[in-house]
Structure formats: structure tokens, C-alpha cells
Amino acid sequence: MIQKPFDRLAAAVLGAALLSGASASLAADPITIGYVYPSPAGDVGWARELDNGRAAVEQALGENVESVVVENVPEGPDAARIMNQMASQGADMIMLGSFGYMNDGMKLAKRYPDIDFIHASGYLLADNFSNFQTRNYESAYAAGQAAGYVTDSNDIGMVAAYAIPEIVGLINAFTLGARSVNPDATSRVVWLNSWFNPSKAQESARSLIAQGSDVIFSIYQDTPSVVTVAEEEGVYVVNTSSDMKSYAPNHLLASMQIDWSDYFVAKAQSVIDDEFVGDAFFGGMADGAVSVESLSDDLSAEQRQTVEGTIAAITDGSFHPFTGPLVDQSGQTRVADGETLDDAAITSMNWLVEGVQTKLPN
Amino acid sequence: MIDLLAFLLAGTLAAATPLLFAAMGEVVVEKSGVLNLGIEGLMASGAAAAFVVVASGGSVGAALSIAALAGLVLSCVFAALVLVCLAHQVAAGLAVGILGLGASVQIGKAFEGRTIAPIARIDLGALSELPVIGRAFFGQTPTVYAGLVAVALVWWFLNRSRAGLVVRAVGESPSAADAIGYPVALIRFAAIAFGGVMAGLGGACLTLAYTPLWADGLIAGRGWIVVALVVFGAWRPGRILLGAWLFGAVSLLELALQGVGFAIPSQLLSALPYLVTIAVLALISRDPRRLRLDQPVSLGKTHVPRA
Numbered sequence: 014m015i016q017k018p019f020d021r022l023a024a025a026v027l028g029a030a031l032l033s034g035a036s037a038s039l040a041a042d043p044i045t046i047g048y049v050y051p052s053p054a055g056d057v058g059w060a061r062e063l064d065n066g067r068a069a070v071e072q073a074l075g076e077n078v079e080s081v082v083v084e085n086v087p088e089g090p091d092a093a094r095i096m097n098q099m100a101s102q103g104a105d106m107i108m109l110g111s112f113g114y115m116n117d118g119m120k121l122a123k124r125y126p127d128i129d130f131i132h133a134s135g136y137l138l139a140d141n142f143s144n145f146q147t148r149n150y151e152s153a154y155a156a157g158q159a160a161g162y163v164t165d166s167n168d169i170g171m172v173a174a175y176a177i178p179e180i181v182g183l184i185n186a187f188t189l190g191a192r193s194v195n196p197d198a199t200s201r202v203v204w205l206n207s208w209f210n211p212s213k214a215q216e217s218a219r220s221l222i223a224q225g226s227d228v229i230f231s232i233y234q235d236t237p238s239v240v241t242v243a244e245e246e247g248v249y250v251v252n253t254s255s256d257m258k259s260y261a262p263n264h265l266l267a268s269m270q271i272d273w274s275d276y277f278v279a280k281a282q283s284v285i286d287d288e289f290v291g292d293a294f295f296g297g298m299a300d301g302a303v304s305v306e307s308l309s310d311d312l313s314a315e316q317r318q319t320v321e322g323t324i325a326a327i328t329d330g331s332f333h334p335f336t337g338p339l340v341d342q343s344g345q346t347r348v349a350d351g352e353t354l355d356d357a358a359i360t361s362m363n364w365l366v367e368g369v370q371t372k373l374p375n
Numbered sequence: 103m104i105d106l107l108a109f110l111l112a113g114t115l116a117a118a119t120p121l122l123f124a125a126m127g128e129v130v131v132e133k134s135g136v137l138n139l140g141i142e143g144l145m146a147s148g149a150a151a152a153f154v155v156v157a158s159g160g161s162v163g164a165a166l167s168i169a170a171l172a173g174l175v176l177s178c179v180f181a182a183l184v185l186v187c188l189a190h191q192v193a194a195g196l197a198v199g200i201l202g203l204g205a206s207v208q209i210g211k212a213f214e215g216r217t218i219a220p221i222a223r224i225d226l227g228a229l230s231e232l233p234v235i236g237r238a239f240f241g242q243t244p245t246v247y248a249g250l251v252a253v254a255l256v257w258w259f260l261n262r263s264r265a266g267l268v269v270r271a272v273g274e275s276p277s278a279a280d281a282i283g284y285p286v287a288l289i290r291f292a293a294i295a296f297g298g299v300m301a302g303l304g305g306a307c308l309t310l311a312y313t314p315l316w317a318d319g320l321i322a323g324r325g326w327i328v329v330a331l332v333v334f335g336a337w338r339p340g341r342i343l344l345g346a347w348l349f350g351a352v353s354l355l356e357l358a359l360q361g362v363g364f365a366i367p368s369q370l371l372s373a374l375p376y377l378v379t380i381a382v383l384a385l386i387s388r389d390p391r392r393l394r395l396d397q398p399v400s401l402g403k404t405h406v407p408r409a
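Keeping their order, the protein sequence lines are chains L and V. Throughout the first sequence, residue numbering follows this note's numbering, covering 14 to 375 in sequence. Throughout the second sequence, residue numbering follows this note's numbering, covering 103 to 409 in sequence.
Because the hints were derived from the structure by calculation, they are not lab data. The structure displayed is predicted, hence computed values, not measured ones. Glycine included, every Cβ here is placed at the ideal spot set by N, Cα and C. Careful: at least some of the hints might be erroneous.
Said to hold, decoys possible - With the Cβ distance kept under 7 Å, some of the chain V side facing chain L (calculated, not the full set):
no., residue
1, D105
2, L315
3, A322
4, L359
5, Q360
6, G363
7, Q369
Claimed, not checked - When the alpha-carbon atoms are kept at most 25 Å apart in a straight line, the in silico DMTMM-like pairs for lysine to aspartate or glutamate are as follows:
no., chain 1, residue 1, chain 2, residue 2
8, V, K211, L, D256
9, L, K372, V, D105
10, V, K211, L, D56
Whole structure, please, built from the sequences with the hints as guidance.
Have a look at this one:
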């Protein structure tokens with residue numbers, strides 16, 4: 014049962030469908046999983062990848078699961094209402110697809126200990142409340158190497174939403190990757206101060222290109238806005254979440270794909286087996302949660318080999334992108350030679366590495 | 103630096119175009135004494151409708167027609183509310199605006215996140231290649247020039263044509279216009295319908311030329327900027343044009359300054375276009391007499407026709 018309601022208001026109708034669906038197939042006794050996405054699941058982007066995870070669960074567990082999907086749910090009272098509805102109508106597991114659903118989700122988890130929750134990007138945990146994140150910095154480092162190779166102006170432009178630790182980590186990893194193969198490469202960032210504004214994202218990319226950037230890094234833009242501008246202006250582009258090759262067939266340098274399939278399937282299975290545990294998942298290349306896709310053919314064989322070597326080394330654990338010596342913008346050494354940042358330091362990163370020209374807004 | 107200047111100049115004209123279309127419609131509506139606050143929803147529906155037509159293989163002409171139709175249909179709903187049911191204009195405008203936003207989501211549902219090839223820029227050979235001004239003045243999409251023509255036409259209509267004089271008379275004193283035999287409701291309906299068509303076209307400029315993709319929320323407050331622009335420009339097409347350029351320039355300047363690495367917090371820069379809007383509004387309101395001269399006297403007031 015795949016449902017894509019037209020909007021949030023349809024949730025009530027959904028609830029009824031959910032009930033009838035559940036009673037109609039009592040024989041198989043499937044579990045019901047509710048999914049809440051912060052944006053519509055379009056062709057590409059964050060919600061698309063969450064929805065691909067949902068599809069993988071249905072594929073893997075077949076008749077044992079039923080799905081209820083509500084897209085484009087703003088963080089806040091609407092989200093709380095929709096999860097409450099899912100909970101009161103018999104969902105066994107609820108996937109919360111945005112950081113801002115965290116507190117409402119946790120309240121609900123306390124009230125319904127029988128319902129298991131998995132939550133994207135957050136940090137709260139309980140027996141029935143897990144969170145999941147990706148190590149996108151791993152793919153950012155590898156894609157950054159590709160960017161370091163192809164840039165002529167040594168000027169990488171980045172379009173980013175907000176200066177939160179996760180995005181700061183991506184900017185750092187990308188810049189470190191670029192400078193590992195091209196020590197002269199620098200980067201600069203335009204902060205949109207908005208999660209969603211495709212026009213502004215496009216103008217930011219144009220502005221960076223006008224100022225000399227010849228590689229653009231589009232960070233967490235849910236639409237191909239920046240990617241299409243790069244194709245139009247003829248500069249290379251790297252994007253996050255989904256493979257956007259089809260939107261920039263000539264100038265996509267690489268896409269930093271995320272994949273929730275294995276994690277979602279494992280969690281759903283654990284609910285069926287009644288073995289759900291509340292834990293934190295920080296999935297990287299080794300887990301198959303993060304990968305670099307559509308690496309451009311414009312790289313030479315040698316360059317490609319380096320990037321693929323980096324990916325292999327990150328995957329088998331022999332290399333960590335945040336390995337010292339790491340120097341911040343002010344010249345202060347943040348990580349000593351040979352040491353690596355631990356996960357806590359990565360997820361709370363609030364400093365930019367040497368080579369990033371833009372200061373953090375504070 | 104030259105490239106940056108060219109980007110700012112060309113970008114400003116392009117960014118102002120969707121605003122100009124909708125504002126030229128709204129100024130005529132307001133001059134007839136009706137306040138339509140639903141522009142945001144009208145633009146969103148026009149944007150979605152135009153996008154869907156082109157993404158499904160339709161021509162740009164068809165897309166523009168459908169966008170105009172979408173704006174027209176919604177403005178007819180608004181007109182029915184305020185002219186027939188004599189509903190409060192502010193409340194009716196807000197309701198239709200929200201309706202339009204919802205309709206845009208519904209229309210664009212299957213096309214979420216998709217992109218299309220933008221309308222081609224005109225190419226005048228050597229002229230379009232000129233440094234700095236080439237792309238800005240001789241290499242834009244046709245919609246940019248159409249927007250400027252619309253400003254000239256609306257200015258001529260309001261200030262030089264007999265029909266424009268009647269529209270203004272209705273906006274100043276509907277009861278007087280009524281008394282001398284003008285069909286007030288019909289004239290206001292025509293103005294509202296024109297406003298709807300223009301808002302729909304403004305939305306279409308956004309998805310066909312400026313940001314050639316569709317995503318829920320793409321209009322991002324432009325409809326409200328349009329309402330502010332009309333006041334900002336004191337209901338005069340020429341000044342509204344300047345206002346639209348100013349707004350476009352400041353919103354691009356923010357991005358350019360960030361890229362240069364200016365030591366101003368980016369949050370403050372993001373607020374810049376709105377701060378400038380507030381500052382200019384405060385400045386032009388310093389002389390309330392002049393503002394009152396330009397503002398239609400019965401703007402927003404419901405006119406009850408003679409029995």
C-alpha cells in the first residue's frame with residue numbers, strides 16, 4: 014500500500030485507509046510504518062532518497078509491511094499532529110525525516126513505548142527512539158579531490174543553506190580533498206540562510222561564477238537549481254543527496270549519493286522481530302550509506318585512480334578525511350599530525366579549515 | 103570585477119521582471135479602488151501552470167496563455183467575493199491567495215523538482231557581446247523586454263487614456279462614478295481580471311525564464327513584495343519600475359558581497375532587501391500629503407451599488 018496524499022490535510026483520510034488496510038490483511042499481520050518527509054519527494058533530493066528507503070523496505074519485506082507516507086510536512090505543530098495521528102492509528106514504526114521533528118517525536122515516543130521511531134539527523138536517543146545520519150564528509154572529501162583537479166582558477170564556489178555543524182563539516186572535507194591534490198585551491202561560500210529558495214540558490218551560483226569560481230559545490234539543495242545553472246554557465250558542479258547527472262550531463266563532476274535502504278530495512282526487520290533498539294547510526298561508505306556517483310569522464314585516468322583510491326581507503330577504514338595536521342582559518346592547529354577527529358567532534362564542528370575564504374557567520 | 107558588474111546588471115533586470123508584471127496588474131487593480139492581497143497565490147498558480155505546460159511538451163505561447171488563464175480564474179473568484187458578495191477585500195484577498203498557493207501545489211504535484219530549458223535569450227550578435235552592458239541590455243529573455251513594455255503601456259493607460267481616467271475615477275470615488283452612470287462593479291471587475299492575468303504572467307516569467315524549475319514554494323514571498331512595491335512606487339508605474347530594480351539589485355548585491363567575503367554577517371545581508379524596503383517606505387511616508395495625493399481615496403473600501 015503506497016500512498017502519497019496530496020497534502021497534509023489528507024492525513025485524516027489516510028488514517029481511515031490505514032485502519033481498513035490493516036484489518037483487511039489481518040492474516041499476514043503486517044507492521045505499519047509511517048513516514049514523514051519535510052519536502053515533497055520529487056525526482057531527486059533529500060525526500061526522494063528517504064522515499065527510496067521506503068521503497069526498499071517494501072521490496073525487501075513485501076507483505077510484512079504497509080507504508081503510510083505524508084510529504085511536505087513543515088516542522089512544528091503540523092508535524093506533531095501528523096505523527097500523533099499515525100501513532101493513534103496503529104503505526105508500529107515512524108520514520109521522521111527532518112531534524113526539526115525531533116522534540117515532538119521524542120514526546121510521542123515517551124507516550125507510546127510500543128511504537129519505535131527512527132529520526133534523521135538528530136541526537137536524542139531512547140529505547141524506542143533511534144537516530145540516523147550519514148558520513149557525507151567522506152564523499153565530500155573524494156569529490157573535493159576531483160574538484161581540486163579540474164579547477165583552473167583554484168576558486169571553488171559553494172552554495173550552502175545554514176552554517177550548521179553538518180554543513181561546516183562538508184565544506185571542510187571538500188576543501189581538504191581539493192587541497193590534498195591541489196594545494197593552491199581555495200573555496201568560498203554563499204550562505205542562503207534558508208533551507209529552500211531555488212531562485213536565490215541559482216543567483217548565488219551565478220554570483221560565484223561571475224566572481225571566478227569554476228567549480229560549484231551545491232550543498233543540500235533539494236532541487237537541481239544550482240546544478241542546472243552550472244550546466245548553463247559551463248562550469249563543473251558537485252551536488253549532495255541524489256545523482257543529478259541528468260540535469261547537468263556535461264558538467265556534473267560528481268554526485269554525493271546517500272542511500273538509506275539497508276538501514277531502513279534493518280530497522281523495519283527489527284520491529285518485526287521485536288528486537289528494536291534505540292541507537293545512533295552514523296552511516297558511511299563502509300555501510301553503503303554514502304557513495305560518489307557519476308564521477309566525470311573529464312578526469313584523466315590517473316586522477317580518477319586517485320579519487321577511487323581515496324574512496325577505497327575510506328571504505329576499508331585505512332584513511333579518515335579529518336586526519337591531522339588540520340589547521341583552521343586563523344592558522345591555529347586544530348588536529349595534531351596523525352590524529353583524527355572523533356565522531357563527536359565531527360558532528361559539532363564549528364570552525365573552517367585553512368583555504369576556505371569565507372568566515373563563519375556568528 | 104567586470105564579470106561581477108555584468109552579473110549584477112543583468113541579474114537585476116531579470117530578477118525584477120516577474121515582480122514588474124504582477125505589480126503592473128496590481129497597480130491597475132488598486133487604482134480602481136480594490137486591494138487584492140492574493141497576488142502570491144495568483145503568481146504561484148500561474149507559475150505552476152506555465153511550468154506544467156512546457157514540461158509536458160507544450161509551447162511557450164501555450165504556457166503563457168494557460169498561466170494567464172490560471173490567474174484570470176482565481177481573480178474571478180476574488181472578484182465574485184468582493185464585487186458580488188461584497189466581502190471584505192483584505193480577507194477575500196488573503197483567502198484567494200491561500201487558495202492559489204494550494205492550487206499551485208496541486209497543479210505542480212507530478213512535476214516537483216523537475217527542470218525545463220529556459221526561454222532562449224535574444225542574441226543580437228556583437229551588441230549582446232558588449233562588456234558589462236551586453237548581456238544586461240541586449241541579451242535577456244524576451245520576457246524582460248515585455249515587462250518594460252508593460253510598464254510603458256500601463257503608464258499610458260492610467261495617465262493618458264480615457265479608460266484609465268474612468269478607472270481612476272472609480273478608485274477615487276465609486277459613488278460619484280456610479281452617480282454619473284459608470285458601471286462601477288463592471289469596471290472594477292475588468293481591473294481585477296487584468297490584475298489576475300498579469301500576476302499569472304509574472305509567475306510564468308519566474309518558471310519559464312528566471313528559475314526554470316518547479317518546486318512547491320518557489321514564489322517565496324514575491325507576491326508580498328509586489329504589494330509593497332505598489333505602495334513603495336506611490337501607485338506610479340515609473341516609480342514601481344525603479345522599486346523593482348532596487349529590490350532586484352539589493353537582493354543580488356547580498357549574494358555578491360558574501361562571495362567577495364565582506365565582513366558583514368550573512369544573516370544581516372539576507373535581510374538587506376527587506377531593510378531597504380522598510381527604509382524607503384519610511385522615507386517616502388515622511389510627506390504624508392504627497393502619499394495621499396497618489397493613493398486612491400477609496401482603496402480597500404467596499405462600494406455598495408445604488409439600489
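Consistency of the hints with the structure:
Using the Cβ-Cβ criterion of 7 Å, the hint placing V:D105 at the interface with chain L is satisfied: the shortest such distance is roughly 4 Å. For the restraint placing V:L315 at the interface with chain L, the shortest Cβ-Cβ distance is roughly 6 Å, inside the 7 Å limit, so the hint holds. Proximity of V:A322 to chain L holds as hinted, the smallest CB-CB distance being about 5 Å (cut-off 7 Å). Interface hint status for V:L359: violated, as the beta-carbon distance to the closest one in chain L is roughly 9 Å, over 7 Å.
The beta carbon of V:Q360 is positioned within 7 Å of a beta carbon in chain L (closest approach about 5 Å), and the interface hint is therefore held. Look at V:G363: its Cβ gets to within about 5 Å of chain L, closer than 7 Å, so that hint holds up. About 6 Å separates the beta-carbon of V:Q369 from the nearest beta-carbon of chain L, less than 7 Å, and the hint is met. At roughly 21 Å between alpha-carbon atoms, V:K211 and L:D256 fall within 25 Å of each other, so this suggested pair holds.
With a C-alpha separation of about 23 Å, the suggested pairing of L:K372 with V:D105 holds against the 25 Å cut-off. For the given pair, V:K211 sits about 11 Å from L:D56 by alpha-carbon distance, which is consistent with the 25 Å threshold.
Checked against the numbered hints given earlier, this structure breaks only hint 4.
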